[in-house]
Amino acid sequence: MSETDLRSLAVAGGQGDLDAAEALIKAAHGPLFSFLYLLGVPEIDVDDVAQNTVIQMYQSLSRYDPTLPFSPWLRSIARHVVANYWRTRARERDNRGLFRQHVEHCVVRDEPAAPDLPQAGDLEKCIEHLPPKQREVLAMTYFEGRTSDDVSSILHSTPAAIRQMLARTREVLRRCIEAKLASTEHA
Amino acid sequence: MNSQRFDDVLAKCLEGSATAVEQAELVAAAEDSDELASRLRQAAIMDASLRSLGRDRDAFLRSVQARLTRKGASAKFSSHMRGRIERTTRSSRQRPLWPALLAMAAVVALGVGLALFGIPQKADPEQAVATVLEFDPAATISVAGSPSVLALAVGMRVSGPSSLRSADGHVVLGYPDGSRIEARRSTTVDILSASRGKQVRLSSGSMCADVAKQPDGFPLVVQVPYAEASVIGTRFGLATSTRGTLLQVLEGTVSYRRLSDGATVSVAAGQNVLASAEGDFGVRPNRIDSGMKALYLFNEMSGDRVHDVSGIGEPMDLAVRDPADAWTPDGLNDKSGRTGISFTGNAAKFIQGIKRNHGLTIEFWATVRGTTSAPTVCVVKMSNASFTSTTWLNPCSRDQGPRHVAMVFNEVDGRFLLTSYDGSPDIQVKDLGPVSTTYGTLTRLDDVTIEMSPDAAPAGATLTTEFHMLAFFGRALTASEVDQNRAAGIPVAAPFEGLDASR
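For the protein sequence lines, the chains are H and C, in the order given. Each residue of the first sequence is one higher than the last, beginning at 13 in the working numbering. Each residue of the second sequence is one higher than the last, beginning at 1362 in the working numbering.
Keep in mind that the hints are not guaranteed to be accurate.
Here are the simulated distance ranges between beta carbons [to be verified]: (1) C:Ala1687 with H:Ala151: 20 to 28 Å; (2) H:Ser14 with C:Glu1661: 50 to 58 Å; (3) H:Thr16 with C:Thr1625: 25 to 33 Å.
Computed far set for chain H versus chain C, every beta-carbon distance over 12 Å [claimed, not checked]: (4) Ser14; (5) Pro43; (6) Leu48.
Some chain H residues near chain C, calculated using beta-carbon distances under 10 Å [stated by the list, open to error]: (7) Ser74; (8) Tyr76; (9) Arg180.
For the record, the hints were derived by calculation from the structure and aren't laboratory data. For every residue, glycine included, the Cβ atom is placed at its ideal position computed from N, Cα and C.
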């Protein structure tokens, strides 16, 4: 869904159009969870944080300024909710590990210029075009929650080879998404 | 750090298996190179996007709807969304053919039953009815006064009085005001009245409820063994057990009245109370269940398996190794003092939690009894070739009732440090200190033994251990969390909060 469509839905939702509000929540679902993962919200709490964000968004729709893009507006609400979430969990936040802290720092630092996160529909279409082996490894990792150790045991490979395949797959998907965005803009 | 190494460590960081040293190495490389920084950022974005694909959008919408309903101010929108979601869920749910045939048969049977017993198929508009929203295919319903037992169907109306029996799954009932009641597995719930002043009876098993604000003077009343709960609008769970009926409140306040003496307590969010024929009726804090991966309540009463009842991911059942061990209403009694209970099966969910959170916790309640002054009694042992840690109860701890122990492993600098909490000096932890292993050796539990077993008792002496509860957490609990779980007492049911298998 384009940024223009999201703005229109947000405006309509703010004026009481319930269908628009529902469509907006559905469209925001994937990018919102992606953003929360990037901010390092633990898997165990990400659903609660996402719900809080969407509820705040819904309750603020009447105040949404349609001259501003919708996605950064939603992300600013999410950042506010996440900041509240961490307020009582300072120790857990510090225990996340350097990598997650670094990613969060980069996301927050780069936010003003952040590209929109891929829409679920686009990503699913790109996944459909992957070779079967890559799809299988992707599904085992992201939908079954298996580690590269587990996947390598099942597929009689090595953990390093699985991680390499995952890295390549992510890169293929990134290019596919970029191509889709470029074709959309061109159109 | 070369490019190939960078990609490999990056992949490890994304799946949560990189050590602290590897993470530092990766971040330093990214800070030194714009190209590597960009690669890290793009990989993290794609990883987050792929993880979000696995989230259930319909379930998320249902949760938002429920939260909006509780907030009250957005009733119009929540009602709108509920209708949409239910229609979408019904139309999009991909089911195998046989449940559909079962459902069709159920509808036919229900029609026959209703015709036979004179119950109207369409609800009286003046009387609100509950509707079956989700069901386990083996669940049944019987209408009061009818000998027939009918299968359920999505959309079936339940105006009461009738009796719902869930089997291996769960059954969810929805009310027009947005309230929902979920009968969990092996549960019998009687719907006594579905109209104003809803009345429900939980005869066995457990249920949870998300109740919208009820009209003044017409609370939802749940009758349970030993007590009665009155609800105005809140979220809570109830579970029956041999120890009594537990009420656990997640949001709002519930009034809980003990039937034997009429004593009433007000139970607030984050609290629970156990009602039994006699004994304490005090309010306690709810347990900390965040990060739990497996839970064993030792209430099977027969067989050689202790079932993981956490409801999280694939069950990690335990095997009772000695057929002489006896089940009691309070747990499993290891009479021989020679053998124990072993972990078996796939522990992927536990390992994922450990890797993600860099720690683990083993928590248990047990009672040790004996007539010997034999050496200490081993209760929990976790070991493999290069990793052994054991928690022991001293002889002086015997015959003092159930004891609560938590073994907490926290990863520091790539190694696990062990701390044990029990609230008294009776507990000894053998091999305390930096555990002689690194993070890497705990990548699988297949070759790790987790067992609860007393040491051998000297000839002629009796030495028994009664196990009441055991839980595995994929993270290190804090001291205050351990204290809270001790204060909460021995749990009698799986957590009422929904827990995601992927956590």
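Beyond 12 Å from every chain C Cβ - status for Pro43 (chain H): At roughly 8 Å from the nearest Cβ of chain C, Pro43 (chain H) sits no farther out than 12 Å, so the non-interface label is violated.
For Leu48 (chain H), is the shortest CB-to-CB distance to chain C above 12 Å, so the non-interface label stands? For Leu48 (chain H), whose nearest Cβ neighbour in chain C is about 8 Å away, the distance does not exceed 12 Å, so it is violated.
Do Ser14 (chain H) and Glu1661 (chain C) keep their Cβ atoms within the hinted range of 50 to 58 Å? holds, 56 Å
Within 25 to 33 Å or not, the Cβ separation of Thr16 (chain H) and Thr1625 (chain C)? violated, 58 Å
For the hint on Tyr76 (chain H), does the least C-beta distance to chain C fall short of 10 Å? Tyr76 (chain H) check fails; min Cβ-Cβ to chain C is 16 Å, beyond 10 Å.
Please verify that hint: Ser74 (chain H), Cβ, nearest Cβ of chain C, below 10 Å or not. Given a least distance of 12 Å, the restraint on Ser74 (chain H) is violated.
12 Å cut-off, C-beta based - Ser14 (chain H) kept clear of every residue in chain C: Holds: least Cβ distance 17 Å, greater than 12 Å.
Determine whether the Cβ-Cβ distance between Ala1687 (chain C) and Ala151 (chain H) falls within the hinted range of 20 to 28 Å. Since Ala1687 (chain C) and Ala151 (chain H) have Cβ atoms about 45 Å apart, the given range 20 to 28 Å is violated.
Interface hint outcome for Arg180 (chain H) [beta carbon to chain C under 10 Å]: At about 9 Å, which falls below the 10 Å cut-off, the nearest Cβ of chain C leaves the hint on Arg180 (chain H) intact, so it holds.
Going down the numbered hints, you'll see the structure goes against 1, 3, 5, 6, 7 and 8, while the others check out.
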